[in-house]
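Got chain C sorted already, so can you dock chain A onto it with the hints?
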Amino acid sequence: MATAAVAILKTSFAKAVQTGVPVSFFKVDDPAKVPGTPPGEIGTRSHFEKLIKKPSDISSRSPLQDFHGIITPSDLHFERHHNGVPAIDPATYKLVIHGMVERPVVFTLADLKRFPGVSRIAFLECSGNFRSGKEELSPQDICGLTSQSEWTGVRLSTLFREVGVRPGASWFLAEGGDAALMTRSIPVTKGWDDAIIAYAQNGEALRPEQGYPVRLFLPGWEGNTNVKWLRRLELGDSPWQTREETSKYTEGIRDGKIRQFSFDMDARSIITFPAFPATVERGWIEIKGLAWSGRGKVRKVEISTNGGKTWAIAELQEPVLDKAHVRFRYLWHWNGTETVISSRVTDDTGYTQPTMQQLLAARGPEMGGYHLNPVTGWLLKPDGRVLHKPESWR
Amino acid sequence: MRISLLLLSGLILSGTVFRQYAGTRPERIPALRADSLVLPARFCIGRPATPADIRAWDIDIKPDGTGLPAGSGNAVSGQAIYRAKCAACHGLQGEGPQNRLVRNPQKPKEKTIGTYWPYATTLFDYIRRSMPFNAPGSLSDQEVYHLTAFLLRANGLIDSTATLNAKSLPAVSMPARPLFVPDDRTGGAVVK
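These protein sequence lines map, in sequence, to chains C and A.
The opening position of the first sequence corresponds to residue 1 in this note's numbering, with each subsequent residue numbered one higher.
The opening position of the second sequence corresponds to residue 395 in this note's numbering, with each subsequent residue numbered one higher.
In isolation and in its complexed conformation, chain C is listed as follows (with noise of 0.2 Å):
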């Protein structure tokens, strides 16, 4: 039997079980008329909504125009992975916590599961999430390296505590269980301060692509130094110099200078609608996007309607969460005239999104592919069509 998802069975006792929608049922010219599909085992996305990830060699971004709300679905959550997504066994997984500490200490899955537990819904961004240099490119080509979920683990302040780390341990270095076995070192202060060894995404054990069974997760922090699979943190008295946060993941600034453990992810903003692919009529549009900052909240979001020479107050939708995408909403009525559009934010330090002129005059001509966070704007033609503005800079 075709089948959109899976199938309807019969019981043994003529009972209808869903195990999947049939294709058939998307042709009936009124729903109405017949009867739908029972309870299922697992709830399906509808056969009519299309929501994909555009996957890459080495990542895989999420469609950040299609989302309406502030939490992105698990399986759409965005990917980086430096050699795979590994098949890790929960039964065997183990994370061992040794170097200058008291008590060097192996835990299994369940050992974490039994410690005091901690949920928070925050932002996980790549800090290499920008692209620019064409018109045909959506929020996903853009930004799409950025995604939310409630993580839920223990915090590693209460590990530290429990393995008793050392008073001269400043770093500590984190590794993931992947085919990479990527590590990061990361400074002591932000495990104490709000670190979590997560076990959930979203109420459900973490999708293996985000780390399954158990990663780190630092709030706020770039994406890369949220080790996946994690199975090892090694405390000590400095950096351990890995490649990824030596010739990766640093970024050329002013003088031929280098800006390494470049941690904190900026505040940054997006309008995903109006946005390419979509078209637009004139008329009354409400201007919608998310904004976030690795620093805290989100203080506003303004938007321009005439290539950023006034800027208006747009509405924060609540929650407003610290170091979470926040949506915001602009009622905007468009004459059908061609212009650009764009949203800036400003976080709860003060710090203001830049253009990437601001950008480019900060860091100059050097200036690196990391933590690149521009005013992006959107072109509307008289005809409906919205493009990218591209930015060039290299």
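Simulated from the structure, these hints should not be mistaken for laboratory data.
Fair warning: there could be bad hints in the mix.
[To be verified] Heads up, simulated EDC-like pairs for lysine to aspartate or glutamate below, C-alpha to C-alpha not over 16 Å straight-line:
{"hint": "1", "chain 1": "C", "residue 1": "K257", "chain 2": "A", "residue 2": "D577"}
{"hint": "2", "chain 1": "A", "residue 1": "K586", "chain 2": "C", "residue 2": "E251"}
{"hint": "3", "chain 1": "C", "residue 1": "K300", "chain 2": "C", "residue 2": "E318"}
{"hint": "4", "chain 1": "C", "residue 1": "K54", "chain 2": "C", "residue 2": "E251"}
{"hint": "5", "chain 1": "C", "residue 1": "K300", "chain 2": "C", "residue 2": "E315"}
{"hint": "6", "chain 1": "C", "residue 1": "K54", "chain 2": "C", "residue 2": "E136"}
{"hint": "7", "chain 1": "C", "residue 1": "K248", "chain 2": "A", "residue 2": "E504"}
{"hint": "8", "chain 1": "C", "residue 1": "K94", "chain 2": "A", "residue 2": "D577"}
{"hint": "9", "chain 1": "A", "residue 1": "K586", "chain 2": "C", "residue 2": "D255"}
{"hint": "10", "chain 1": "A", "residue 1": "K503", "chain 2": "C", "residue 2": "E318"}
{"hint": "11", "chain 1": "A", "residue 1": "K503", "chain 2": "C", "residue 2": "E136"}
{"hint": "12", "chain 1": "C", "residue 1": "K257", "chain 2": "A", "residue 2": "E504"}
{"hint": "13", "chain 1": "A", "residue 1": "K501", "chain 2": "C", "residue 2": "E318"}
[What the hints assert, rightly or not] Rough simulated footprint, nothing fancy, chain C against chain A, three-plus residues with beta-carbon under 8 Å:
{"hint": "14", "region": "436-443"}
{"hint": "15", "region": "506-518"}
{"hint": "16", "region": "542-548"}
{"hint": "17", "region": "565-571"}
We treat Cβ as the ideally placed atom computed from N, Cα and C, and that holds for glycine.
Just chain A, lined up with the frame of chain C:
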């Protein structure tokens, strides 16, 4: 210990915390946030890591050479291994296509080991843990020393006759080292 564990597992219901002590009835106390409860010094969860547990995974190398194994390598032996196991992705001369490794005279600013890697020890650590891409972790320590020597030599950073070991590798001077500066962004009104 027992008291503490029970206290932490107390139920939070209707704004009231029920604290159950062994052999007593639940006691009503004012609602507390779970994280405002006094945590025990330790929960005694998990088992002690044995030296074998740690040795099996503790493969990281520090810039001062801590963690480097015994053995040594040279560029000549490294070239043969490189051609067999690395050149398919990185090119016979380290020119790519994947991740150019050797300094490009035509593009001196292109990111390579010679122009952008601040520590020689990172090479050993990374090759051993992650390479070759299709067979990570398959190289012996000896092979990693040879490959590290070959790549440093190809970038003009050591002599062709040099021997690399746990003492000489951390001492290799890397041109990019003085370029690296810590992040100085702090939020606020300034764009950096």
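Does C:E136 sit within 16 Å of C:K54, going by the straight-line distance between their CA atoms? The hint holds at about 15 Å.
Given the hint that A:K586 pairs with C:D255, does the C-alpha gap stay at or below 16 Å? holds, 13 Å
Given pair status - C:E251, C:K54, alpha carbons within 16 Å: The hint is violated at about 25 Å.
When you check the alpha-carbon spacing of C:K257 and A:D577, does it fall within 16 Å? Cα-Cα ~11 Å, so holds.
Given the hinted pair A:K501 and C:E318, is their Cα-Cα distance within 16 Å? The given pair, whose Cα atoms are some 50 Å apart, is violated under the 16 Å limit.
Is the straight-line distance between the alpha-carbon of C:K257 and that of A:E504 16 Å or less? holds, 14 Å
A:K503 and C:E318: Cα distance at most 16 Å? violated, 46 Å
Distance restraint between A:K503 and C:E136, which requires alpha-carbon spacing of 16 Å or less: Roughly 31 Å separates the two Cα atoms, so the pair is violated.
With a Cβ-Cβ cutoff of 8 Å, does the region 542-548 of chain A contain at least three residues near chain C? The restraint on the region 542-548 of chain A is violated, since only 0 of its residues have a Cβ under 8 Å from chain C and three are required.
Chain C over the region 436-443 of chain A, status - at least 3 residues with CB closer than 8 Å: holds (count 7)
For the region 565-571 of chain A, do at least 3 residues have a Cβ located nearer than 8 Å to some Cβ of chain C? Violated, because only 1 residues of the region 565-571 of chain A bring their Cβ atoms closer than 8 Å to Cβ atoms of chain C.
Starting from C:K300, check that the Cα of C:E315 is at most 16 Å away, please. Cα-Cα ~8 Å, so holds.
The structure is inconsistent with the numbered hints 4, 8, 10, 11, 13, 16, 17, although it conforms to all the rest.
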